[in-house]
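Engineer: Taken in sequence, the protein lines are chains A and B. When you line the first sequence up against numbering that gives the first Met the number 0, it's residues 0 to 267, in that order. When you line the second sequence up against numbering that gives the first Met the number 0, it's residues 0 to 381, in that order.
Everything labelled a hint here was simulated from the structure, so no lab data went into it. No experiment lies behind these values; they were computed from the predicted model shown. Take the hints with a grain of salt, since some may be wrong.
Within a straight-line C-alpha distance of at most 25 Å, the following computed BS3-like cross-link-like pairs (lysine-lysine) qualify [unchecked claim]:
| no. | chain 1 | residue 1 | chain 2 | residue 2 |
| --- | --- | --- | --- | --- |
| 1 | A | K206 | A | K188 |
| 2 | B | K5 | A | K257 |
| 3 | A | K246 | A | K188 |
| 4 | B | K5 | B | K268 |
| 5 | B | K344 | B | K268 |
| 6 | A | K206 | A | K246 |
| 7 | A | K38 | B | K199 |
| 8 | B | K199 | A | K39 |
| 9 | A | K39 | A | K257 |
Okay, here's what each chain looks like letter by letter:
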Amino acid sequence: MAVRDYLRERFFPHMWCPGCGHGTILGALLRAVESLGLKKSEMVMVSGIGCSSRISGYVDFHTLHTLHGRALAFATGVKLSRPEVKLMVPMGDGDALAIGGNHFIHAARRNIDMTAIVMNNRIYGMTGGQYSPLTGYGALATTAPYRNIDHGFDVVTLASAAGATFVARTTAYHVQQAKDILQKAIAHKGFSVVEILSQCPTYFGRKNRMGSAVDMLRWFKENTTKIGSKAKAENPDLIERGIFVEKQLPEYCSEYDKVLERAQSGGS
Amino acid sequence: MSDNVKFVQGNEACVEGALYAGLNFFAGYPITPSTEVAEALSSRLPQKGGKFIQMEDEIASICAIIGASLTGHKVMTATSGPGFSLMQEGLGYAIMAEIPCVIVNVQRGGPSTGNPTHVSQGDINQARWGTHGDHAVIALTASNHQDVFAITVDAFNLAETYRTPVVLLFDEVLGHMREKLTIPDPGQIPLVERLWTSVKEGVDYHPYLPREDGRLPMSDFGGVHRYNVTGLFHDMWGFPSADPGVVHGLLRHLVDKIYNNENAIARYKEYYMEDARTIFISYGSSARSALHVVEYLRPRGVPIGLLELQTLWPFPSRIVREKCADAQAVVVVEMNMGQILNEVKTAVDRPDSVYLANRIDGTLITPTDIRNILRVIQGKGV
Ligand SMILES: Cc1ncc(C[n+]2csc(CCOP(=O)(O)OP(=O)(O)O)c2C)c(N)n1
Ligand code: SF4
Chain A
0 MAVRDYLRER FFPHMWCPGC GHGTILGALL RAVESLGLKK SEMVMVSGIG
50 CSSRISGYVD FHTLHTLHGR ALAFATGVKL SRPEVKLMVP MGDGDALAIG
100 GNHFIHAARR NIDMTAIVMN NRIYGMTGGQ YSPLTGYGAL ATTAPYRNID
150 HGFDVVTLAS AAGATFVART TAYHVQQAKD ILQKAIAHKG FSVVEILSQC
200 PTYFGRKNRM GSAVDMLRWF KENTTKIGSK AKAENPDLIE RGIFVEKQLP
250 EYCSEYDKVL ERAQSGGS
Chain B
0 MSDNVKFVQG NEACVEGALY AGLNFFAGYP ITPSTEVAEA LSSRLPQKGG
50 KFIQMEDEIA SICAIIGASL TGHKVMTATS GPGFSLMQEG LGYAIMAEIP
100 CVIVNVQRGG PSTGNPTHVS QGDINQARWG THGDHAVIAL TASNHQDVFA
150 ITVDAFNLAE TYRTPVVLLF DEVLGHMREK LTIPDPGQIP LVERLWTSVK
200 EGVDYHPYLP REDGRLPMSD FGGVHRYNVT GLFHDMWGFP SADPGVVHGL
250 LRHLVDKIYN NENAIARYKE YYMEDARTIF ISYGSSARSA LHVVEYLRPR
300 GVPIGLLELQ TLWPFPSRIV REKCADAQAV VVVEMNMGQI LNEVKTAVDR
350 PDSVYLANRI DGTLITPTDI RNILRVIQGK GV
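Sequences are here, hints too, so could you generate the full structure?
Structural biologist: Here it is as C-alpha cells:
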C-alpha cells in the first residue's frame, strides 16, 4: 500500500504552519507502518489535544481524538478491551508530560502494548508558545519573558525509569532514523516510547531566535549524535539519538489473560 | 435463603445490578464510601471474562471506560465527591462524543475532602452542571437495595438507548447499609443492548448520522468500520467542524435527545398520594425517613403522601407539577441546602407552598427531624 493511501485526503489541507516538524513525523510514521505491511483497519490512533494531536485526523485508521493529556488513559481502555489492535499514541510534550505526566509514567509501568510518540517541540504550540516541561532552563516563551527557570525532563531517562520496555529518541531532521525507530517501536510488544524532536518555527523558533525551519533542522543535525559516539565523548552537550532501551517483559494484556484464568479456575 | 437472595451492602447491590445488566469493563480508583464497588468487581468481573483495572486516578478511570465502551463493551466507574469532581471533563467528553457509560457517585459530605465517611446529597447539582458547556445529562437514584439493583440495570439501559453517560447518585447510608436483595432471574428485567449499525463492511459508516427515530447506531471501535471520534464539535463523520450550522445542530441534538424524552426517562414511586394534601418529595436514603413519617401519620388520619424521585436529571418537572397540583404544602426532604427544592419550586404552580426539610451535618435525616420541621411549617412549633 502506498503511504498516501493511509491518509484521509478529504481532511486536507492540514492545520500545521509551514515548516512545522509535525508533518515530517507523520510522514515517517506512515512509512514505518507501510514497511511493516500493516493494514489500515488494524491500526488505532488515540491522541490528546495540541497541534501534534491533530495528527489523528489525518490518518485513515481508527482514530480517537480525546482530551488534553489523557490520550494514554483512553488508549488503555481501548487496548485492554480490544487487545488485538495495534495502538499508537502521538502526543505533544505538554500533552504527554505536563498535564499527562501521571498517565505517562503509569502506562510505562504497566508495560501495556502501545507506542507513545512524544513530538517534542519544547513549547505549547496550539495555545501560542507558553513554556512546557521540556522548554529547558534559560529559554524564552510567551509565559517566560525573563527566561525560563524550570528545568526540563529528560524523556528518555523518565520513560526508562518508569518502566517502558522500548525507549528511543530521534529528530525531525533524521527522517530515515525516525522511520526505522518507529518501525521497531510499533513491532515491539510492550510500552514503547519514541521521543522525536520537532521544530515549531512559529513559537519556539521565533521566541528563541532560532531562525527558519531549515535553521532549526540544522540545529538538530549539529546538536545531536548517535548513542555512544566519539563526538559525544568530546562534547557532552550533544543530545544522543538511537534506541536506549529494548527489552522483553510481560505485557499487561497478556498478564490480564492470566488473571482471567486464575479467576475462572477459582485459584488466586 | 436461596442462592438469589442475599444480605448485602448497597454498593454490592449496585455491583449485582451492573453485572445483571451485562457490565464487562470497569476502571476505578479507591475512595470512601464507594470503594466496595471496585473491590467486588475486581473479583467478580474476571470470573465472567470481564476486565477490571485500577487506574492511577479518577480522570484516567473515566477516560479508560470511555475507550472501552467505544470498542463495544458495557462499562462503569464508581467514585465519591472528590473523584467525581475529577471526572467532570471526561463526563463532558462522553456527552459530546455520545458514548454510553455509567458513573456511580456514592455521595459523601463536601466540599473538598469534606466528610468522607458520612452521608450527604450535596452532589445533585454537580451531576447536572459539573462539566462545562451547555448539555443534558441523565442522573438516577434509589432508596433501598432492591431499587438500587433495578435502577443500576436501568442506568445501563438508558445509557445504551440515548448513547449518553448516566450518573447514579447513591449516598453513604445506602452504600454501606446492609439489606436484603433478591436477584431477579435472567430475563426478568429487560436489557437494552447496543444498537449496532447495519452498514456492511467496506461501506461508509457515519458514526454521527441519526436514524429516523433519532438514535445513532454504533460500530465497535477498532472493528469493521474506520471512523473518527472527537470532543470537538463534529459532523456526521465525526470530523471536527466549527461551522455554525454544525455546532448549532449538534448542541441542539445533545440537549433534545434527553429533554424531549423527559417523561420516558422519569422514574418515580408514589406512596399514599391519591388524597394527599401534604406531599413529601424525596429521594435516596432521605426518602426512607420521609416514608417512615408518612406511614406514622397516615393511621392518625393525616392526608400525607410521598413522591419518591428516582430520576433526578432531567428533572421530571411535568410529573412533579401534576402530582402536586392539589397539595397545600410540598415538603422537599433532602440532605443538602435545597438542590432539588429549587427544581420543585420552579416546577409547581405555587412555589410559596414549597418547603425544605433538610439536614446537612453528615447524619441521616431522621423521621423525628422531619416531623419537627413539618410542625414548624404548620405553625405548631416543635
Ligand atoms: C484541560 C486543558 N487545559 C488546557 C488546554 C489548552 N491547551 C490545548 S493544547 C495545549 C498545549 C499544547 O502543547 P503540546 O502538548 O506541547 O503540543 P503542541 O501544540 O506543541 O504540538 C494546551 C495547554 C486544554 N485543551 N485542556
Ligand atoms: S504552532 Fe508550532 S507546533 Fe503548532 S503547527 Fe505551528 S509550528 Fe507546528
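Engineer: It remains to establish, for every hint, whether it holds in the given structure.
Structural biologist: A quick look at each hint next to the structure:
1. K206/A to K188/A: 40 Å, violated
2. K5/B to K257/A: 30 Å, violated
3. K246/A to K188/A: Answer holds: K246/A to K188/A is near 9 Å, not above 25 Å.
4. K5/B to K268/B: Holds, at roughly 24 Å.
5. K344/B to K268/B: 20 Å, holds
6. K206/A to K246/A: Distance of about 39 Å is beyond 25 Å: violated.
7. K38/A to K199/B: Given pair K38/A, K199/B holds - Cα atoms ~18 Å apart, limit 25 Å.
8. K199/B to K39/A: 17 Å, holds
9. K39/A to K257/A: Not satisfied, since the Cα-Cα distance of roughly 30 Å exceeds 25 Å.
This entry does not satisfy hints 1, 2, 6 and 9, going by the numbered hints stated previously.
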